[in-house]
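There are 2 protein chains.
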Amino acid sequence: MRIKMDKKTKTLKTLFIGFGNVGQQVARILTRERNSFPGLAPLDLKVVGIIGRSKGSLVNEKNGVDLQKALQEVEELGTFSPSNPDVTSITGIEAARTLDYDVLVELSTLSIEKQGEPAISHIRTALERGSHAITANKGPVAFAFKELTILAENKGSAFLYETTVMDGAPVFNMARCSLKGCTVKGIDGILNSTTNYILTRMEEGQDLESAVKEAQEIGVAEADPIHDLEGWDPSAKISVLANALMGASITPFDVERKGINGLSIDDVKKAADSGKRLKLICRAWREEEEVKASVKVEEIPAGHHYNSVTGGGAVIRIETDLMGPVLITQEDPSLYDTAYGVLSDLMTLTCGY
Amino acid sequence: MRIKMDKKTKTLKTLFIGFGNVGQQVARILTRERNSFPGLAPLDLKVVGIIGRSKGSLVNEKNGVDLQKALQEVEELGTFSPSNPDVTSITGIEAARTLDYDVLVELSTLSIEKQGEPAISHIRTALERGSHAITANKGPVAFAFKELTILAENKGSAFLYETTVMDGAPVFNMARCSLKGCTVKGIDGILNSTTNYILTRMEEGQDLESAVKEAQEIGVAEADPIHDLEGWDPSAKISVLANALMGASITPFDVERKGINGLSIDDVKKAADSGKRLKLICRAWREEEEVKASVKVEEIPAGHHYNSVTGGGAVIRIETDLMGPVLITQEDPSLYDTAYGVLSDLMTLTCGY
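From first to last, the protein sequence lines are chains W and F.
Read in this note's numbering, the first sequence has 46 at position 46, and its numbers run on one by one without any break.
Read in this note's numbering, the second sequence has 42 at position 42, and its numbers run on one by one without any break.
Some clues are possibly wrong.
All copies of an identical chain are treated as equivalent in the list; a pair is satisfied when it fits inside any one copy or across any two copies.
To be verified - Pairs of lysine-lysine residues, derived as DSSO-like cross-links and limited to a Cα-Cα distance of at most 30 Å, are as follows:
id	residue 1	residue 2
1	Lys146	Lys10
2	Lys10	Lys155
3	Lys258	Lys13
4	Lys270	Lys258
Quick caveat, the hints were computed from the structure, so don't treat them as lab data.
Could you put together the complete structure from these sequences and hints?
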C-alpha cells in the first residue's frame with residue numbers, strides 16, 4: 001500500500017484519543033524534550049483535539065490545542081484545567097465523526113471484555129472518512145484486523161500499529177519493508193514484560209503474590225494485572241502478529257491460552273534444577289490452511305536465547321521460507337519505547353514509507 | 001530517497017557481475033526452486049549479462065541470458081560452456097559501461113588489498129549511467145560509502161546493500177524504514193560466522209588450527225581464511241554499519257582491529273573458568289564529532305545474549321536516542337540467507353520501498 005506524500009514536511013492535523021502514560025510521553029517528547037531528538041525534526045503536528053476519559057477533552061480545530069499546556073495540566077492536576085479555553089465535552093466517537101483531522105491516534109487502553117471497542121469504532125470511523133489511523137491500543141488489530149486493513153486499503157489511507165507489539169522495536173515496519181518476498185512460517189516469542197519480570201523475580205526466590213506486588217510498585221504491572229497474569233495481553237499480541245505477518249484472522253479468543261496464575265516457586269525451582277527457566281511463550285504456526293496460536297509457560301533450556309531475556313525485555317523470533325530464523329530483541333524498554341512506536345508511525349505518515 | 005516505481009510488475013534488465021556461490025544460489029532460487037517461494041512472484045528479471053571471473057561471461061541484451069542453463073553449466077563444468085551461444089569475452093567494467101541494464105548486481109568477492117576495487121568502479125559506472133546498483137560485495141560500502149550514496153541520490157537511483165551485513169536479516173532495510181526519527185548512538189555485535197564457529201569449537205576442546213581446518217571442510221571458512229581470522233571481514237562490516245547507520249566515513253583501515261589469530265585453548269579455558277565466553281565483538285560508537293570502531297575478542301559474561309549466539313549465528317545490537325537497545329539475531333544462516341539479501345533488494349526495486 002502506497003501513501004502519496006508530498007516531499008516537503010507536511011503538517012498533520014492530529015486527533016488524539018486517550019491521554020494516559022503513552023499519550024503524555026508522546027507529548028513530552030514532542031514539546032519539552034523536542035530538542036533532544038533531532039531525528040524527529042520533520043514531525044509537524046497540529047493537534048486538533050485530545051479526547052481524555054476522566055481527564056476531560058480539549059478541542060481547537062482552528063489553531064490547534066496547546067500540547068505542552070495540556071501535558072502540564074494533566075501532570076499537575078490529573079485532568080485538563082476547567083479554565084483551559086479549549087476544554088469541551090465530547091466523546092471519542094463524536095470527535096472521530098465530526099472533527100477535521102488527517103490522522104486519528106488511538107491511545108486508549110485495550111479492553112478484552114469489550115473485544116477492542118470502542119477503539120475499533122474510532123478507527124473505523126476515521127478510515128471511512130478517508131483519514132489515516134494509528135493505534136497503540138491492540139484491540140483494533142487483535143479483533144478487527146482484516147476489516148480495518150481492507151478498509152484502509154480501499155480508502156488509500158494508512159492504518160499503522162507499530163507500538164502494539166514490542167513498543168517501538170521494529171516489528172511491523174520490518175515485516176513490511178524487510179521481509180518482502182518471504183512467507184512467514186511461524187512466530188514465537190516472549191511478549192509480556194510484566195510476566196517476564198515476575199518470573200525473573202520468582203527465580204530469585206519471591207513467590208507469585210509478592211512478585212506481582214513489587215511489579216505494581218515499580219510500575220511494571222497494572223493495578224489490575226489480570227490481562228497480563230492470565231495471558232490476555234500476550235494473546236492479543238500474538239493475534240496481532242499472526243494477523244499482520246501470517247495472513248491469519250484470529251482474535252485473542254482463538255489463542256490456546258494459559259497464563260502464569262497458579263505458578264509456584266516449586267515449579268520454578270524444579271525447572272532450575274534441570275538447568276531450565278520458565279518463560280511465558282507466545283507461538284503462532286501454520287496447520288494446513290489455518291494459523292494457530294498459543295500462550296503458555298514453557299521450560300526453556302540453558303543457552304537458549306530466550307534465557308537472556310530477563311526483567312522487562314521482550315523477543316520475537318520469525319521463521320520464513322527464505323531465511324533462517326531472525327530474532328528481534330528489546331533489551332530494556334521504557335515508556336520512551338512505547339511513545340517512539342507511535343512517533344515512528346507519525347514519521348511514516350510524514351516522510352512516507 | 002524515493003524511487004519512482006510503476007505499480008505493476010516491472011521487468012528489471014539485470015547485469016550480474018560475479019557468479020560464485022551467492023550468484024548461483026540466487027539463480028537457483030529464481031529458476032529451479034521458483035515455485036517454492038510464492039512471495040517472490042513479483043520478481044521479473046531479464047538477465048542481460050553474467051560476468052564471471054574464471055567462468056567466462058554470457059551476454060544477451062536482446063532476449064536475456066538463460067539463467068537456468070547458465071547455472072547448470074557452472075554446476076556441471078565449473079564454467080559457462082564454450083558452446084553456449086551467449087558466451088563472450090568482456091570484463092566487468094566494460095559490461096558496466098556498455099550494456100543496457102536497469103540494475104547492476106555486484107556479487108564478486110571483497111578485496112581488502114584492492115580497497116574494494118574493481119567493485120567500486122562497477123557500481124560507480126552503473127550509478128553514473130542512471131542505473132540502480134545492488135551489492136553483496138562489502139567493498140563499495142566499506143570503502144566508498146559516502147561517494148556512492150551521494151552519487152545515487154543525485155541520479156535518483158537506488159544503491160542497495162542489504163546482504164553485506166548479516167545476509168538477508170533486515171539491517172539496512174530496517175534502519176531505513178523502522179528507525180525513522182531515531183539517531184543511532186552505538187552499534188555492537190558478532191558479525192563473522194567463521195570466527196564465531198571456530199571459537200565455539202575451541203570451547204569444545206579443539207585448538208585453533210584444527211578448528212580452522214574443520215571450518216574449511218564444512219564450508220564455513222574460505223580456503224584462505226585470513227580475512228576472517230585477522231578480523232578484516234568484521235572490520236568491513238562494522239565500517240558499513242557505521243557509515244550507513246551513524247553517518248560515518250570510515251573504512252576497514254580505520255577500525256581498531258585484532259582478530260582471533262594467536263588465541264589458544266588456554267585463553268578460552270581461562271574465560272570459561274570464570275563463567276565467561278570469548279567472542280569476536282564489533283563495536284561502533286561516537287566520540288564527540290567522530291565515529292570510532294573496533295573489532296576484538298572480548299570476554300562475554302554468562303547470561304548475556306551474545307552467549308546464546310553460537311556456531312554460525314550473528315547478532316547486531318543498536319542503541320538509539322529514542323529507544324532502549326534493539327538486537328537483531330540470525331540464528332543459523334545459510335547460503336539461502338545471503339541470496340535472500342540480494343533478492344530482497346531486487347524486490348525493493350520491483351515493489352518500491
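Practice prompt. Evaluate Lys270 and Lys258 at a C-alpha cut-off of 30 Å and name the case that applies: within, between, both or neither.
Written response: within (19 Å within a copy, 43 Å between copies)
Fill in: Up to 30 Å CA-CA - Lys13 versus Lys258, copy category
neither (42 Å within a copy, 53 Å between copies)
Item to complete: Tell me, please, which holds for Lys10 and Lys155 at an alpha-carbon limit of 30 Å: within, between, both or neither?
Response: Result: close both inside a copy and across copies, 20 Å intra and 25 Å inter.
Worksheet item: From the Cα coordinates, with 30 Å as the cut-off, is the pair Lys146 and Lys10 best called within, between, both, or neither?
Response: both (29 Å within a copy, 28 Å between copies)
Of the numbered hints stated above, the single one contradicted by the structure is hint 3.
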